[in-house]
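2 protein chains.
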Amino acid sequence: MVRTSKHRGSNRPRQARRSHTSYDKSAAEAIVISKRSAAPVSEGTLRVIPIGGCEEVGRNMTLIEYGTDIIIIDMGLQWPEEDMPGIDYIIPNSEYLQGKEKNIRGVIITHGHYDHIGAIPHLAPKLGNPIIYGTPLTLGIIAKRQEDFKTGQLNLQAVDRDTVLRLGVFTVKFFGVSHNIPDSVGVIVETPYGKLVHTGDFKLDPNYSGDRPAEIDKIQKLGDGSVLALMADSTNASQPGRQLTEGEIQGNIDQIISDAPGRTIIGTFSSLLGRIQQIIWAAEKQNKKIVIEGYSMKRNVELAQALGYMKTKRDSIIDIKNIGDYPPNRIIVLCTGAQGEDNAVLMRIANKEHRVLKIEKGDTVVFSSSVIPGNERSVQRLKDSLYRLGAEVIHYQMMDVHAGGHAKQEDLYDTIQMVKPKYHIPVYGNHSFLRLHAKVALRAGIPEKNIFVPDNGQIMEFTSRGGHLTKHKVPSDYVFVDGLGVGDVSHVVLRDRQMMAEDGMIVIIATLNGKTGRLINSPDIISRGFIYMREQKKLVEQIRAKVKGLIGDHPPKAQANDSYLKDKIRNELGQFLYHKTQRRPMILPVVIEV
Amino acid sequence: MVRTSKHRGSNRPRQARRSHTSYDKSAAEAIVISKRSAAPVSEGTLRVIPIGGCEEVGRNMTLIEYGTDIIIIDMGLQWPEEDMPGIDYIIPNSEYLQGKEKNIRGVIITHGHYDHIGAIPHLAPKLGNPIIYGTPLTLGIIAKRQEDFKTGQLNLQAVDRDTVLRLGVFTVKFFGVSHNIPDSVGVIVETPYGKLVHTGDFKLDPNYSGDRPAEIDKIQKLGDGSVLALMADSTNASQPGRQLTEGEIQGNIDQIISDAPGRTIIGTFSSLLGRIQQIIWAAEKQNKKIVIEGYSMKRNVELAQALGYMKTKRDSIIDIKNIGDYPPNRIIVLCTGAQGEDNAVLMRIANKEHRVLKIEKGDTVVFSSSVIPGNERSVQRLKDSLYRLGAEVIHYQMMDVHAGGHAKQEDLYDTIQMVKPKYHIPVYGNHSFLRLHAKVALRAGIPEKNIFVPDNGQIMEFTSRGGHLTKHKVPSDYVFVDGLGVGDVSHVVLRDRQMMAEDGMIVIIATLNGKTGRLINSPDIISRGFIYMREQKKLVEQIRAKVKGLIGDHPPKAQANDSYLKDKIRNELGQFLYHKTQRRPMILPVVIEV
Chain A
1 MVRTSKHRGS NRPRQARRSH TSYDKSAAEA IVISKRSAAP VSEGTLRVIP IGGCEEVGRN
61 MTLIEYGTDI IIIDMGLQWP EEDMPGIDYI IPNSEYLQGK EKNIRGVIIT HGHYDHIGAI
121 PHLAPKLGNP IIYGTPLTLG IIAKRQEDFK TGQLNLQAVD RDTVLRLGVF TVKFFGVSHN
181 IPDSVGVIVE TPYGKLVHTG DFKLDPNYSG DRPAEIDKIQ KLGDGSVLAL MADSTNASQP
241 GRQLTEGEIQ GNIDQIISDA PGRTIIGTFS SLLGRIQQII WAAEKQNKKI VIEGYSMKRN
301 VELAQALGYM KTKRDSIIDI KNIGDYPPNR IIVLCTGAQG EDNAVLMRIA NKEHRVLKIE
361 KGDTVVFSSS VIPGNERSVQ RLKDSLYRLG AEVIHYQMMD VHAGGHAKQE DLYDTIQMVK
421 PKYHIPVYGN HSFLRLHAKV ALRAGIPEKN IFVPDNGQIM EFTSRGGHLT KHKVPSDYVF
481 VDGLGVGDVS HVVLRDRQMM AEDGMIVIIA TLNGKTGRLI NSPDIISRGF IYMREQKKLV
541 EQIRAKVKGL IGDHPPKAQA NDSYLKDKIR NELGQFLYHK TQRRPMILPV VIEV
Chain B
1 MVRTSKHRGS NRPRQARRSH TSYDKSAAEA IVISKRSAAP VSEGTLRVIP IGGCEEVGRN
61 MTLIEYGTDI IIIDMGLQWP EEDMPGIDYI IPNSEYLQGK EKNIRGVIIT HGHYDHIGAI
121 PHLAPKLGNP IIYGTPLTLG IIAKRQEDFK TGQLNLQAVD RDTVLRLGVF TVKFFGVSHN
181 IPDSVGVIVE TPYGKLVHTG DFKLDPNYSG DRPAEIDKIQ KLGDGSVLAL MADSTNASQP
241 GRQLTEGEIQ GNIDQIISDA PGRTIIGTFS SLLGRIQQII WAAEKQNKKI VIEGYSMKRN
301 VELAQALGYM KTKRDSIIDI KNIGDYPPNR IIVLCTGAQG EDNAVLMRIA NKEHRVLKIE
361 KGDTVVFSSS VIPGNERSVQ RLKDSLYRLG AEVIHYQMMD VHAGGHAKQE DLYDTIQMVK
421 PKYHIPVYGN HSFLRLHAKV ALRAGIPEKN IFVPDNGQIM EFTSRGGHLT KHKVPSDYVF
481 VDGLGVGDVS HVVLRDRQMM AEDGMIVIIA TLNGKTGRLI NSPDIISRGF IYMREQKKLV
541 EQIRAKVKGL IGDHPPKAQA NDSYLKDKIR NELGQFLYHK TQRRPMILPV VIEV
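Chains A and B are the protein sequences, given in the same order. This note's numbering applies: residue 1 is where the first sequence begins, and numbers increase by one. This note's numbering applies: residue 1 is where the second sequence begins, and numbers increase by one.
Please note that the accuracy of each hint is not assured.
Below 27 Å or equal to it, Euclidean Cα-Cα: the simulated DSS-like pairs (lysine-lysine) are [as the list claims (entries may be wrong)]:
(1) A/LYS358 x B/LYS439
(2) B/LYS566 x A/LYS538
(3) B/LYS144 x A/LYS580
Treat the hints as calculated values from the structure; they're not laboratory data.
Just need the whole structure built from these sequences, with the hints factored in.
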């Protein structure tokens, strides 16, 4: 075994580290236009702008604009990357819509996952509270989440698969798709130049289970030449072949549950309602009882039941306090925490902190999701702890959210062949996923010039003469959400966090006599995350002496607070500390004149 | 698509975060013994102690002790986990050896990867510079790396597969194994109670390539009942089936290189010398030229060539300045950076910062290693950038270090069947890997009571009456290397780094009149990583007013520097800021009395 680490060279491990904050998208020669120069749209031009979701998985939001009419598809969040410490999540940049709020005819949400709904509490109030259209389960999840925020009532309106909406110049229709949460839809937007079709997150599923079937007939009927452009999900476009059907996944779940000799404890995402339904069905078939643990899991199941999206027999779901009434092999616990989250149920069980559940010999713990990048080691620690307690641990990737819900290359090929769009636009995924998706479109017969691979914010325009991917972009850079702050954490703040995380910081407080410019006391030194001062008294004394020397060299009576002295302390002490420790703590000189 | 993140709940994202520094191994009822109570070993007892490598992949180091004789197998490093910001790596804890330095008869290194050699520059001087035994390539890599450190000359002594060493009471022999670096060996230690066999990192390879064959005959001969215990590599023990052979991997490499329409740029680890050799052979078969880029890659190839471990035809490897002398499809560039490392060659190419190499249409970039946890997003960004520049990007996991070099379950089964040890000890891997390995041993016929799954530091003892895994442990906790500091970064320092990374920090400087206890000036406020002060003037003023109020309430003439006032500022300002921002910056109050 050999490993390397991304911030290290073999012999000069330190110098390489500073440069890794690179949010630049090196976005070719694109010109970012201000909202003023972008508005208004030239008469007769249809604009399609993906504000987010085209350079990452998440932060999905697409604008469709014609004249003074704008509709928005999805309004999602993106989870932070590993070099964004402290950030809760990222939302789409809505700058382009400033001043155009009154043009927004509606927001259409394709399904209830956070990367499609997560920015609503932040953006809806800012955009004048437009009507948000979604299917009942989707709206239920949005409304429940809104309770966690204090940003006011939303303007929600339910649609079903057959609703027709007139939104300004646009007519909007829907088609049911298969995903791993019920009630997911694709969107058909009729525009002056033909239909724009957006799949949302989807797969084709001839062997569905746990949800109504995808409306493949509607998709096929789109292939009459009326579709101007197809925007389709690229999340799994890097994978060859076809996605598993829900029926196949159901068979796997049945098997897992039947194989377990004792209790089965299944960790999964609380938002994977389709998968949760399948597990309940499997349990019912095998006459087992289900315990649901975890706040978000309970909340989502209750919501789905209340809205009629989840069918369970009476008494299938039991309260945890009755778990002892059944033999172990009749118990299934469905819980949160398969990503190693700190406070979720699986972690509490592993840490022996769960008030009821304790691992017993014979328990099987099933991780039913693949590990999200960044969580691998937490998950590995969690599994190790569960093994220590005597559990069997199984990881079933086929039950995963990624593995189960999105079209793969051949599914995309079939979709394109059915819809026969004039233009094809891969969306929802990293740039490389979009590019691989574009290859599939080429193979499916779309001419290369009619395949657009947009960056975030990049404007596509359509007129009666055809469409093109312009070189213009609207603002699409990150808007960070951190606690109550939205957009107030800048790259400067993030860079400081990264720097302090790497090597800590040291504050030097020098109190000077305002008349003489001389030090009054010995400088105060505070260090955090750099060295443990109690154990490094010699180094602390050296720092103190160094600072005294630097201030002694300083011309007396010079302005004590000037940046010259501070810069000098920062630079010379920085060099000194690097020489002594090969670390580069942030140095904060404070000069006080009294 | 839906994602979750490990530190967040849906509605209370903040509170959960603080608890995630948990290095506790919840190590059952084990008793950690001090070095005093541990020494000496009871007469006639053979001790085997894995100091590291039994709860993780990496930091491999095993002690074998009898009377006053100690030998050490491997002395590796572990790469830091994601919650150890700024840490370069972790080395084994050598506390148990303090005072026993004179007993160390030798250190045996199985092969030249960092998780087996990386702690040598730190530990060898501390342990009295014992003789380090290894094969010539292993020693070459150790010596080259030592040049980067200023810890003095090492005491290196070369062995080959047939060397016999007498080290105190022990006789040490070797057997060649297959791994993905040449010259890897397993170790046979003859002890008073039979043979201890340690595989090192290994696989069985009936179809080898690029190295001498594994000495399967020697392994088979061990099966005469003379083996007391087998310690075997668990890195891939969670994977069913058999490992790919090097011959199969060679076939894949030949295909990749033959398929590429233009230049092939292959990113891999510089330490994967076996794989690098195979790529060179594939190139030579197809009459292509190789450019080697990257300091560590060049250094390792030169070393392997100089020692006769890498055979290349004259003129196969060309200098990068001559790259234009050949058509693109005759060029292969072998370089570093497949993990998205900042300053490695692939990243420089992607950022258009490489002095010679620029991506051209038709280039194929091959990522020939699977992504190390924590690097996924860097690698994804790198791939996206390469796609943008016009390259084709291919990821071949079968060329990976993990995929290629370690025994899988059936390989382990065969090994156990051949060696027929009395006791079996899975080592080198996470606890769950060791447990899965133990299952294989059970299936291979080892009685359950004779299979030991040790934690780090856990003592195994063997006497004429048999062996057992004791409940005693020697110190094995992390020793962090950060810059020049070894062991000086404590958990306190790390926790501060994590805290500052999450929410930044704020320094409050209050200058008081020593006589009256009153504030002299308005308090100074410095914030880093919390808010950007220029854009948050109102909050800064509120903080200032809050601090003034707190100090005003303070009884005048009280000791200004007392911890009471500081605690008060820390607590009350902390609550105030959490209420205002839902962030918890580190608060550092500084009270200066003049």
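Here's how the hints hold up against the structure:
| no. | hint | in the structure |
| --- | --- | --- |
| 1 | A/LYS358 x B/LYS439 | 23 Å, holds |
| 2 | B/LYS566 x A/LYS538 | 26 Å, holds |
| 3 | B/LYS144 x A/LYS580 | 24 Å, holds |
Figure legend: structure checked against the earlier numbered hints; every hint is met.
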